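Asker: Using the hints, position chain W against chain F.
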Amino acid sequence: MHVLIIEDEERLAQNLAKAISKNAGFVVDVALEGNEGLHLALSGSFDLVVLDLMLPGISGEELLTELRRAGNKTPVLVLTAKEDKQTIVGVLDNGADDYLAKPFDLGELLARVKALIRRSKGQASSSLVLADLILDMNTRSATRAEVRVELTPMEYRTLEYLMLRQGSVVSKEELLEHLYDYNWEKFSNVIEVYISALRRKIDASAHERLIHTLRGHGYMLRRSEAA
Amino acid sequence: MRSIRGRVVLLVLAAQLVAAVGAVGLSIWYVHRAVWSTVDSELKARMVSVLALVDDDVKSPDGLTFDGDQVNIPKEDLFCIDDVHGGPVAGSSSWLTTNKDRGQHEDGAFFFRRGGVIYRAKAHMNAAILDQENHQIPQLYVNVYYAMPANRAEAEIANATRIAISVGLLSLLISFGSTWWAVGKGMRPLTDFAHQADLIEADGAQFEDPTGTVRSTELVPLARALHSLVSRLQRAFRRERRFLSDAAHELKTAVAIQKSTLQLLEQGKASEEELREGIARALEDTSRTENLVANMLLLASIDYFQRSTGKGAIDNEAPLGLNESLQHAIDQLVPMAKIKSVSVVFDSCCDLRVRAPEYELNQLWINLLENAIQHSPLGGEVKVEISRIEGSACRILIADAGPGISSEDLPHVFERFYRSDRSRSRLTGGFGLGLSIAKAVVEKNRGAIQIENMPQAGATVEVCLPAVDA
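Those protein sequence lines, which keep their order, are chains F and W. Counting along the first sequence from 1, when you hit position 93 you're at 93 in our numbering, and nothing is skipped either side. Counting along the second sequence from 1, when you hit position 99 you're at 99 in our numbering, and nothing is skipped either side.
Here chain F stands alone, though its shape is the one from the complex (with noise of 0.2 Å):
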């Protein structure tokens, strides 16, 4: 997953990066200005943006109005010190999805930051279930069988990505936008590296494949039509 922060505290976009690479073993991107925000906002390649109200440049409303102008249906999580109702609900009417105001609590930036990812992506539950394949957003930690997969947090990452979106095809482009900063070179076969792996610790002990490469498309994690 690939969260945006735009807010202007550094320490504090810092602080909320590191939480949640750490915890969630999201990508984390931080802008530290208004104008940079919206711009990579609009680059469409996040999963989650998390919005300070008040930036230099143009502020948080204005850059929640502009994104959802431009038809950018990214979940924003929006940051702000102003705890009246008519702000809150201004900036929720304005698009936002959910607000968290400061200070907050870590743990509950974190369940939301999870939770609005989950229901973007079609998923009510952290538990991501495919035929015997469940990965649990929360332990990060996947059971195919109920045997226990070992993965990377590489490998946890692309899998997840594929079991939030299952049933669709993701491209490889897809997938390095949603999984690595911004600046990660786009020609590398690391994608291909991946899903190898994957299929080797998921698929190959097993009776049913789930993991399927399209050709020149992508690929789709679905039950086998045979099965």
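Source of the hints: derived by calculation from the structure; they are not laboratory data. Incorrect hints may appear among the rest.
Claimed, not checked - Here are the simulated DSBU-like pairs of lysine-lysine, each with C-alpha atoms no more than 30 Å apart in a straight line:
no., chain 1, residue 1, chain 2, residue 2
1, W, Lys59, F, Lys18
2, W, Lys44, F, Lys114
3, F, Lys18, W, Lys383
4, W, Lys259, F, Lys85
5, F, Lys22, W, Lys185
6, W, Lys269, F, Lys82
7, W, Lys383, F, Lys114
8, W, Lys269, F, Lys201
9, W, Lys269, F, Lys22
10, F, Lys114, W, Lys259
These numbers were taken from a predicted model, which means no experiment stands behind them.
Answerer: For chain W alone, coordinates are given in the frame of chain F:
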């Protein structure tokens, strides 16, 4: 009477009353005169008709006869004819016997009362009797008295008086009513104002400019004054509210940073080194919060001082040496200047002293110098210059060689929590309070501060403070 309406009505009624009394009096006097003059001419006519019946007595010289059969006058009338010596010639029987009603009157008209009836009477002394037969020059003279009841005339006058007084009273009543109504209507806009003023919220919201809606021109100045008062209050409230909201944002953010730094340490396992680093970071965050709180408290205390004691109650401060005070601040900032390789050039002056609290003065120089150093290019120079200006005052110039201030920021740099280029200020840990504090300190100490861009490069802050010689 405290009510304007009551006072106006009373005044109008008093004037009206004087006018009414005059008018009623005049008309009564006129009616009086007209009625009595009619009565008197009638009286005279009847008297003449009675006189015509007097003739000379052929039997006795100087004797007079009265042709009593020819008398044709209303039976209530009284008359009496005497010869010039006072001897009775003829008359109404009742009047001949009692002479008292006639009194001692000479020629002229008079009143008397008889049997409950008021009479109007006329006396004519030495009336000449014309000889009807030979038309000779009259030789006969008599005194004649004639009286007739005046009831009808009296009643007429009383009636006219009643009507005049009633009309007067009615007009008083009408003017009372119309004045009461008109003044009430005239005062309505005031009542409306009061009502509108009542609706003004503490923050001055919900108040529309009443100048356009006021119909009475006399109320326009009031409307304008009220509107400008409320607008000023609204602006003050907005400023205060913005300050509060900005302060809350800064404080909450500062706390959020501290909290997140600590919670980050709490999560997962951390090595001793990581823990130490974390604690150092938490301490750093705490001192930042401390700095913010100290700045806000300083501002609040200056505000409080200025509100409670007014400007300029600083005369009991001990005078501080200006050179020493600036040098001390510059020394404190040497490490910061070194990091940016900025040199501070101090051009001290004659020995001037300033009456100001030491802490405030130090904070003033620190804030201004920090600002100048931050905005200086790497290896730049900050110039500090003191000079004496006219009167007992001094001028301190602090100039940097940075990019200067953009014209859109220039009017706002002294506003609280205003950051011109926020991303830059953030990196230096500023809260946008430094220049606000500088301004507050200078103004509290009866000085003036301004900032402007220099034509070549950089910005210059000019501070003027009252000074005394050492």
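Asker: Could you run down the list of hints and mark each one as holding or not?
Answerer: These are the hints, each one checked on the structure:
A distance of roughly 162 Å separates the Cα atoms of Lys59 of chain W and Lys18 of chain F; the hinted pair therefore is violated under the 30 Å criterion. Of the supplied pair hints, the one linking Lys44 of chain W and Lys114 of chain F is violated, its CA atoms being roughly 129 Å apart against a limit of 30 Å. Only pairs whose Cα atoms come within 30 Å are accepted, and Lys18 of chain F paired with Lys383 of chain W is rejected, the gap being roughly 42 Å. A threshold of 30 Å between alpha carbons decides the hint, and for Lys259 of chain W with Lys85 of chain F the separation of about 24 Å falls inside it, so the pair holds.
Annotation: proposed proximity of Lys22 of chain F to Lys185 of chain W is violated, straight-line Cα distance about 76 Å (limit 30 Å). Distance restraint check for Lys269 of chain W and Lys82 of chain F: the Cα-Cα separation of roughly 34 Å exceeds the 30 Å cut-off, and the hinted pair is therefore not satisfied. With a C-alpha separation of about 54 Å, the suggested pairing of Lys383 of chain W with Lys114 of chain F is violated against the 30 Å cut-off. Proximity of Lys269 of chain W to Lys201 of chain F is assessed by CA-CA distance (about 28 Å); at most 30 Å being required, the pair is judged to hold.
Between Lys269 of chain W and Lys22 of chain F, the direct Cα distance comes to roughly 11 Å. Compliance with the 30 Å bound is thereby established for this hinted pair. Between the alpha carbons of Lys114 of chain F and Lys259 of chain W the distance comes to roughly 20 Å, so the proposed pair stays at or under 30 Å and holds.
In summary, the numbered hints that this structure violates are 1, 2, 3, 5, 6 and 7.
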